[in-house]
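J.: Using the sequences and the hints, build the whole thing.
Protein chains in written order, with the working numbering: chain A, 238 to 597; chain B, 4 to 258.
Warning: the hint list may mix true and false statements.
[What the hints assert, rightly or not] The calculated DMTMM-like cross-link candidates involving lysine to aspartate or glutamate, where the alpha carbons are at most 20 Å apart (straight line), are:
no. : chain 1 : residue 1 : chain 2 : residue 2
1   : B       : Lys55     : A       : Glu438
2   : A       : Lys448    : B       : Asp54
3   : A       : Lys536    : A       : Glu483
4   : A       : Lys510    : A       : Glu481
5   : A       : Lys437    : B       : Asp54
6   : B       : Lys70     : A       : Asp461
7   : A       : Lys427    : A       : Glu286
8   : A       : Lys593    : A       : Glu483
9   : A       : Lys448    : B       : Glu242
10  : A       : Lys448    : B       : Asp49
11  : A       : Lys451    : B       : Asp162
12  : B       : Lys55     : A       : Glu483
13  : A       : Lys451    : B       : Glu45
In case anyone wonders, no lab produced these hints; they're calculated from the structure.
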Amino acid sequence: MADQEITLMKGNEAIAHAAIRCGCDGYFGYPITPQSEVLETLAEQKPWETTGMVVLQAESETSSINMVYGGAGCGKKVMTSSSSPGISLMQEGLSYMAGCEIPCLVVNVSRGGPGLGTIQPSQADYFQSCKGGGHGDYHLIVLAPSSVQETADFVDLAFELAFKYRNPAMILSDGVIGQMMEKVVLPPFKPRRTEEQILKECPWAATGRPKTRKPNVITSLELDPAKMEEINIRIQKKYAEIQEKEVRFEEYMLEDAEYAICAFGSAARIAKKAIEDARKEGIKVGLLRPITLWPFPYKEIDKLSNKVKGILSLEINAGQMVEDIRLAVNGRIPVNHYGRLGGIIPAPDEVVAELKKMMK
Amino acid sequence: MDIKEIIQPENLVYQKPELLNDTPMHYCPGCSHGVVHKLISEVIADMGMADKTVGVSPVGCAVFAYKYIDIDWEEAAHGRAPALATAIKRLWPDRMVFTYQGDGDLACIGTAETIHALNRGENITIIFINNAIYGMTGGQMAPTTLLGMKTATCPYGRDPKLHGYPLKIADIAAQLEGTCYVTRQSVHTVAAINKAKKAIRKAFEYNMAGKGSCLVEMVSTCNSGWKLSPVKANKWMEENMFPFYHIGDLKDINQ
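T.: Next comes the structure, spelled out in structure tokens:
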């Protein structure tokens with residue numbers, strides 16, 4: 238595929254192609270619906286013959302994330318993908334990697350839960366993605382694409398952020414974005430970093446110790462409480478910096494809006510259609526779409542709450558992001574939630590009806 | 004003859020391995036870990052591979068292995084070391100990669116990672132310390148605990164009706180197509196230590212030659228957990244562990 242060529246593909250396939258193109262060193266995964274096309278596409282593309290990227294099907298999601306852990310700790314650009322139940326199994330590894338401060342990319346093409354739930358789309362992993370998920374005080378950097386194009390673009394961006402802050406990054410996709418086919422321009426090819434580049438850019442990595450330096454140890458363990466607190470404070474400072482610098486969001490038709498919808502990922506696509514329909518009926522409504530779910534655009538929503546009369550949080554879940562919106566709004570205006578569960582996707586007319594309820 | 008005349012390089016019969024640093028070890032006196040650490044340090048240095056070696060340490064007594072051997076390390080979650088090692092070796096194929104794991108880590112919570120890494124024929128070595136007990140958490144039953152053996156969680160002795168049977172990981176490993184060398188060694192005598200060192204070297208060399216996965220089990224003592232003196236623990240191991248965990252090579256593709 239030549240650069241800039243427009244092609245039609247699924248979100249999951251776009252992840253695989255974007256990974257190869259952005260110079261990813263290794264992918265470790267395990268099949269699960271609705272994300273299996275990521276591993277399948279990589280297996281079909283055979284990047285080990287072209288870029289030298291390692292692709293390995295692990296024995297479980299637990300193993301995939303720990304392979305990612307191993308790869309990240311030795312300075313490589315490594316990733317995995319899964320869907321909700323598999324991501325639950327990965328929480329141990331994610332917590333360890335956050336604690337070790339090593340970069341990686343995890344893609345969650347989320348489905349409905351709890352438990353085995355359903356293979357249909359859902360956004361019910363917002364809490365798990367944004368509030369830690371595993372044990373300990375940590376955050377993932379979470380990007381939520383709402384198109385196949387964004388899915389492809391966010392692979393490189395997620396790696397960049399992960400390496401910049403030495404922290405795991407997540408792309409929180411869902412069964413809609415992962416499975417639907419759309420036009421996409423794949424990112425240009427970037428060569429994998431050479432051994433010299435890795436050693437220079439990742440002086441902390443466990444790659445074999447030359448006599449010129451002390452051993453590099455990738456660990457999250459420290460039994461001295463004073464030192465452990467120091468490490469935690471340092472990590473929290475890093476999170477504060479990420480919150481300060483890396484918030485990303487999109488505004489849509491908010492200029493004259495009297496009401497706002499907040500939605501991310503696939504729900505934001507539905508919101509845009511609902512906004513068009515509502516405006517035909519004279520309802521002045523716009524959209525604020527968080528692109529980074531963590532760091533969350535608290536300040537922007539705070540500002541928005543001084544402008545509009547109410548915010549509707551549209552989520553394909555029982556109401557998760559709405560808690561963060563309410564935190565930002567701090568009781569100033571009404572904040573409602575609308576969502577469908579069990580794999581049912583809300584229709585735009587349902588959203589318009591919810592808006593009207595809020596306006597009463 | 005003056006003592007100073009005796010202290011000459013040509014008279015050197017023993018020295019601390021250069022890769023073993025001066026950090027005081029937290030291991031109990033009489034424990035096998037220290038000896039195995041020494042052997043690994045010697046083999047890496049003998050092979051001239053210090054700058055090309057990455058170790059993966061476990062959760063358990065050897066969680067701080069990285070504090071004692073001056074090489075690069077990654078510290079894995081409980082049982083996951085072979086998954087980390089798999090990725091490290093595949094991403095840096097010219098590196099020498101090994102895991103260091105106890106029986107709780109390897110034979111229990113990490114059984115899946117162990118079996119599958121070995122079965123894929125990853126060019127890594129797993130050093131497996133089998134002392135039939137969970138040492139660090141205070142002497143609980145392990146999958147490798149012998150029948151009748153008393154631990155904190157089987158205080159009346161391991162009963163197969165309640166707890167199942169001890170697991171022979173090396174025997175399983177030897178059956179896997181991906182393994183090239185599986186051996187069971189110990190470090191309780193000078194002769195055993197010499198054999199164990201040769202086994203580690205062979206395993207590392209097979210990995211670097213791309214022959215496949217290696218498992219070096221060290222049948223070990225846990226005198227604190229077993230509540231025996233170091234000398235008695237060695238004797239107990241010979242009398243009780245060796246008849247069940249037979250010492251020697253279980254598989255060597257070059258033999």
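J.: Next step is simple, just say for each hint if it's right about the structure.
T.: The hints, checked one at a time:
{"no.": "1", "hint": "B:Lys55 x A:Glu438", "in the structure": "18 Å, holds"}
{"no.": "2", "hint": "A:Lys448 x B:Asp54", "in the structure": "7 Å, holds"}
{"no.": "3", "hint": "A:Lys536 x A:Glu483", "in the structure": "12 Å, holds"}
{"no.": "4", "hint": "A:Lys510 x A:Glu481", "in the structure": "31 Å, violated"}
{"no.": "5", "hint": "A:Lys437 x B:Asp54", "in the structure": "16 Å, holds"}
{"no.": "6", "hint": "B:Lys70 x A:Asp461", "in the structure": "14 Å, holds"}
{"no.": "7", "hint": "A:Lys427 x A:Glu286", "in the structure": "16 Å, holds"}
{"no.": "8", "hint": "A:Lys593 x A:Glu483", "in the structure": "34 Å, violated"}
{"no.": "9", "hint": "A:Lys448 x B:Glu242", "in the structure": "44 Å, violated"}
{"no.": "10", "hint": "A:Lys448 x B:Asp49", "in the structure": "15 Å, holds"}
{"no.": "11", "hint": "A:Lys451 x B:Asp162", "in the structure": "48 Å, violated"}
{"no.": "12", "hint": "B:Lys55 x A:Glu483", "in the structure": "37 Å, violated"}
{"no.": "13", "hint": "A:Lys451 x B:Glu45", "in the structure": "18 Å, holds"}
Of the hints listed earlier, those the structure fails to meet are numbers 4, 8, 9, 11, 12, in rising order.
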